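A.B. asks: Listed here are the chains, written in short residue letters.
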Amino acid sequence: MAQSLVRKIGRLGLISAKERNSASLYVTKIRSATTTTTTTTTTTGEESKSINLFTAINQALHIALDTDPRAYVFGEDVSFGGVFRCTTGLADRFGKSRVFNTPLCEQGIVGFGIGLAAMGNRAIAEIQFADYIFPAFDQIVNEAAKFRYRSGNQFNCGGLTIRSPYGAVGHGGHYHSQSPEAFFCHVPGIKVVIPRSPQQAKGLLLSCIRDPNPVVFFEPKWLYRLAVEEVPENDYMLPLSEAEVIREGTDITLVGWGAQLSIMEQACTEAEKDGISCELIDLKTLIPWDKETVVVSVRKTGRLLVSHEAPITGGFGAEISASIVERCFLRLEAPVARVCGLDTPFPLVFEPFYMPTKNKILDAIKSTVNY
Amino acid sequence: MAFWLSRSRSITNLLEKRIGLFKILHERSKGSLLHSRISGEFISKNPHEFSTKSAAAFLATGQRFNSIKTGEQQVELASSDEDDDENQALDFPGGRVAFTSQMNFISESSGKRVPCYRVLDDDGYPITDTIYEQVSKEVAVRMYSGMVTLQIMDTIFYETQRQGRISFYLTSNGEEAINIASAAALSPDDVVLPQYREPGVLLWRGFTLQEFANQCFGNNADYGKGRQMPIHYGSQKHNYLTVSSPIATQLPQAAGVAYSLKMDKKDACAVTYMGDGGTSEGDFHAALNVAAVMEVPVIFICRNNGWAISTPVTEQFRSDGVVVKGQAYGIRSIRVDGNDALAVYSSIRMARQMAINEQRPILVEALTYRVGHHSTSDDSTKYRAVNEIEHWRAARNPVARFRKWAQSNGWWSDEDESELRSNIRKQLLQAIQLADKTEKPLLANLFSDVYEDHPPNLQEQEKSLRETIKKHPQDYPSDVPL
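Heads up: the protein sequence lines correspond to chains A and B, in order.
Counting from 1, position 111 in the first sequence corresponds to residue 111 in the UniProt record's numbering; the numbering is continuous, with no gaps.
Counting from 1, position 220 in the second sequence corresponds to residue 220 in the UniProt record's numbering; the numbering is continuous, with no gaps.
Think of the hints as simulated: they come from the structure by calculation, not from any bench.
Please note: incorrect hints may appear among the correct ones.
Stated by the list, open to error - List of simulated lysine-lysine pairs, DSS-like, C-alpha gap at most 30 Å: (1) B:Lys426 <-> B:Lys404; (2) A:Lys273 <-> A:Lys300; (3) B:Lys237 <-> B:Lys440; (4) B:Lys137 <-> B:Lys426; (5) A:Lys291 <-> B:Lys463; (6) B:Lys440 <-> B:Lys426; (7) A:Lys366 <-> A:Lys273; (8) A:Lys96 <-> B:Lys265; (9) A:Lys291 <-> B:Lys266; (10) B:Lys237 <-> B:Lys137; (11) A:Lys96 <-> B:Lys470; (12) B:Lys426 <-> B:Lys437; (13) B:Lys266 <-> B:Lys237; (14) B:Lys463 <-> A:Lys300; (15) B:Lys463 <-> B:Lys440; (16) B:Lys470 <-> B:Lys440; (17) A:Lys291 <-> B:Lys471; (18) B:Lys437 <-> B:Lys237; (19) B:Lys437 <-> B:Lys471; (20) B:Lys137 <-> B:Lys437; (21) A:Lys96 <-> B:Lys440.
Computed from a predicted model, the values in this text were never measured in an experiment.
Starting from the given sequences, assemble the full structure and let the hints guide the process.
C.D. replies: The structure is reproduced here in structure tokens:
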């Protein structure tokens with residue numbers, strides 16, 4: 001499904017807001033993976049294929065299991081391929097002892113993963129939806145995050161990676177839409193990473209799996225099928241804690257992550273028509289985050305806008321905003337703007353009202369530039 | 001397996017104590033068949049093969065789960081397979097279940113409480129018909145010395161806290177037998193995930209008094225680098241994962257550890273401890289279920305000491321304690337007298353053998369009593385009777401009971417006792433003195449190990465903190481070297 005909607009946009013691998021808004025891709029059980037099969041060869045001679053985000057995740061998991069015999073993939077319903085198809089083919093190829101279903105128990109999944117990782121394994125755990133990660137909150141916050149520190153580096157669970165689909169999807173309501181990243185950004189000892197596109201997802205996920213620290217990796221479920229781009233077939237990693245300027249500009253800096261970047265990109269394009277030059281930064285890793293890249297950009301543009309789907313109050317945008325005001329106060333020409341989700345539970349019928357849409361961002365860009 | 005049958009009149013008695021399945025088997029076979037099967041196989045290398053095999057054979061022929069009739073005390077779990085045809089059984093993804101015309105609810109309890117396995121009576125004599133693993137003089141003396149050492153550690157560290165020299169302490173008084181005897185029954189390769197009232201396991205494995213003192217003082221020789229409260233011990237070389245305060249979080253982790261041991265085909269299991277209160281946590285149930293489903297070699301040892309801080313077990317659960325929770329998860333379980341070192345030792349030896357040979361979790365509920373306060377932050381006389389504490393301290397003392405047994409064997413004397421106590425006391429006082437004099441960890445340890453590397457935010461914060469310290473040195477403890 002949604003195959004006709006899929007197209008590649010530039011090097012971002014992003015989809016248009018219109019496509020995203022018209023797409024209805026929230027499905028919990030899909031019979032078979034749909035992947036495109038166009039193969040191209042890059043200038044470096046490496047093969048790449050145009051694939052969607054879940055296929056990119058799937059490729060990363062294949063590589064992770066193939067390159068490390070001590071790697072394991074587990075979670076609810078992962079054996080048959082997962083409700084989003086991210087684990088397709090893994091159990092067949094690597095066997096039931098390395099790719100397996102767990103009982104429906106998030107604290108059990110993460111606790112089990114910590115123990116497995118503590119024994120020197122790569123434990124790649126899936127929490128089926130980020131909305132359901134909270135039963136595992138204690139295991140993540142009090143156990144995984146402090147495992148190394150509290151033991152004086154005698155023990156660690158750095159091999160643990162927790163993957164979880166997050167964010168809006170068009171009709172997910174309260175419990176299939178949330179963006180809980182800020183809760184985890186308040187926890188020293190773990191990393192939080194969110195990719196924006198298939199190419200990013202594959203490279204970042206492999207980095208997370210191989211990183212010597214526990215990582216929470218949130219996957220933008222809206223993009224699982226909609227975002228398609230050329231993804232190298234080989235094993236590659238993208239650096240953590242390094243933000244990327246994905247669009248250069250001079251008038252205002254926009255900072256975001258994950259699926260929201262496609263909306264921000266649309267706003268940047270619209271703003272350009274009004275002669276406003278926007279610089280767009282993908283933070284990628286939320287903790288420990290790359291402050292320097294944002295600081296350098298804001299020193300250039302003098303203005304900052306942060307956007308995320310999660311509720312505005314206490315969101316990670318607040319942290320970015322405060323940090324940049326601390327460092328760039330005299331250079332700022334306008335208050336830092338935040339275009340985020342509302343401080344309500346994530347709604348169903350009212351989702352279009354709740355969301356930090358393109359026009360909300362566009363308005364904020366204009367009022368910040370014209371402050 | 002050197003199991004020692006002491007005047008065993010009936011093998012079935014002892015099996016009944018150890019195998020929940022026995023009841024089913026017994027009823028099905030009316031005894032006779034089973035007896036012959038068992039007597040032939042019991043002495044074999046794996047004494048539980050019989051149960052698995054015959055149970056599997058039995059189950060394969062079909063089974064029926066009947067609920068009890070109102071008022072009946074015993075749940076009859078299985079009956080003959082005559083009724084098992086298409087019309088009378090339901091095939092569903094979880095297996096084949098017989099239909100019944102009786103609307104019977106399974107009773108909330110079996111009526112009779114699960115008995116408690118013990119070897120020694122209160123006077124330290126082996127009770128009639130008991131079966132237990134023989135303990136050599138050398139091991140027995142070492143076990144007894146370990147229990148006494150734990151007692152002395154508790155007394156002296158407790159006093160040290162009262163003097164204000166360490167910030168906190170938590171005793172194991174009353175639970176010395178569970179600590180030491182369970183540790184003695186394990187192999188050093190078994191990975192231990194403690195709660196926090198099991199320092200005796202670490203002691204048994206060779207963690208020195210100096211190492212205990214270093215942790216309690218949080219000095220620069222503490223492996224935890226002064227980051228955690230006293231008693232949060234951990235030692236990589238002893239396969240003893242660092243204690244964390246949250247209750248029961250270690251239990252699902254133990255299942256993951258055990259899965260790794262299983263994948264590596266190690267001759268070892270994971271062993272994890274909890275209190276009675278811990279069994280109310282979600283993590284307990286998560287752990288038992290995932291361990292059972294994943295078929296991993298892990299021993300869950302519950303120290304049911306009657307009290308979770310001030311909450312008595314009567315306000316903790318309505319079940320017959322903890323042991324009965326195992327069966328619901330498909331886990332073989334036993335209840336033992338936690339104040340009987342030989343019973344703990346024997347049951348953990350057997351649990352370990354079954355866990356590893358059969359790749360399965362085992363639940364052990366050890367009944368005991370927390371003779372001390374919950375911790376130095378607690379005064380338990382505010383919520384429980386002093387004479388109750390005294391009864392357990394005196395009449396049911398696990399160390400005294402084991403000593404009587406060792407003395408009756410001629411392995412221990414009053415002279416040995418006073419020599420041991422004075423030696424340990426001396427060593428411990430020296431260790432404390434040295435730990436107290438040893439410098440605190442360097443300030444840099446505040447920032448290291450949060451991550452494997454040192455991210456910029458922490459570098460920045462360390463730099464800023466150091467500038468503040470220079471400006472306001474009076475705000476900071478002078479004994480932490482910069």
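A.B. asks: Could you run down the list of hints and mark each one as holding or not?
C.D. replies: So, going through the hints one by one against the coordinates:
Restraint check for B:Lys426 and B:Lys404: the C-alpha separation of about 25 Å stays at or below 30 Å, so the hint holds. At roughly 21 Å between alpha-carbon atoms, A:Lys273 and A:Lys300 fall within 30 Å of each other, so this suggested pair holds. For the hint pairing B:Lys237 with B:Lys440, the CA-to-CA distance comes to about 23 Å; that is within 30 Å, so the pair holds. Between B:Lys137 and B:Lys426 the alpha-carbon distance is near 25 Å, which keeps this suggested pair within the 30 Å criterion.
Our distance criterion of 30 Å between C-alpha atoms is met by A:Lys291 and B:Lys463, whose separation comes to about 17 Å. Of the pairs offered as hints, the one joining B:Lys440 and B:Lys426 holds, with about 24 Å between alpha carbons and a cut-off of 30 Å not exceeded. In summary, the hint linking A:Lys366 to A:Lys273 is supported, as the alpha carbons are separated by about 12 Å, within the 30 Å threshold. The suggested pairing of A:Lys96 with B:Lys265 holds, with an alpha-carbon distance near 16 Å, which does not exceed 30 Å.
A distance of roughly 46 Å separates the Cα atoms of A:Lys291 and B:Lys266; the hinted pair therefore is violated under the 30 Å criterion. Annotation: proposed proximity of B:Lys237 to B:Lys137 holds, straight-line Cα distance about 27 Å (limit 30 Å). This hinted pair does not check out: A:Lys96 and B:Lys470 have alpha carbons roughly 58 Å apart, beyond 30 Å. Distance restraint check for B:Lys426 and B:Lys437: the Cα-Cα separation of roughly 17 Å lies within the 30 Å cut-off, and the hinted pair is therefore satisfied.
With a C-alpha separation of about 17 Å, the suggested pair B:Lys266 and B:Lys237 falls inside the 30 Å cut-off, and the hint holds. The suggested pairing of B:Lys463 with A:Lys300 holds, with an alpha-carbon distance near 27 Å, which does not exceed 30 Å. For the hint pairing B:Lys463 with B:Lys440, the CA-to-CA distance comes to about 20 Å; that is within 30 Å, so the pair holds. Restraint check: the Cα-Cα separation between B:Lys470 and B:Lys440 comes to about 19 Å, which is no more than 30 Å; the hinted pair holds.
Taken as a hint, the A:Lys291 and B:Lys471 pair is honoured in the structure, with Cα atoms around 27 Å apart against an allowance of 30 Å. A C-alpha spacing of about 25 Å is found between B:Lys437 and B:Lys237, which places the hinted pair at or below 30 Å, so the restraint holds. Taking the CA atoms of B:Lys437 and B:Lys471, the gap is about 27 Å. The hint holds against a cut of 30 Å. Our distance criterion of 30 Å between C-alpha atoms is broken by B:Lys137 and B:Lys437, whose separation comes to about 38 Å.
Between A:Lys96 and B:Lys440, the direct Cα distance comes to roughly 49 Å. Violation of the 30 Å bound is thereby established for this hinted pair.
In terms of the numbered hints stated before, the structure departs from hints 9, 11, 20 and 21, listed from lowest to highest.
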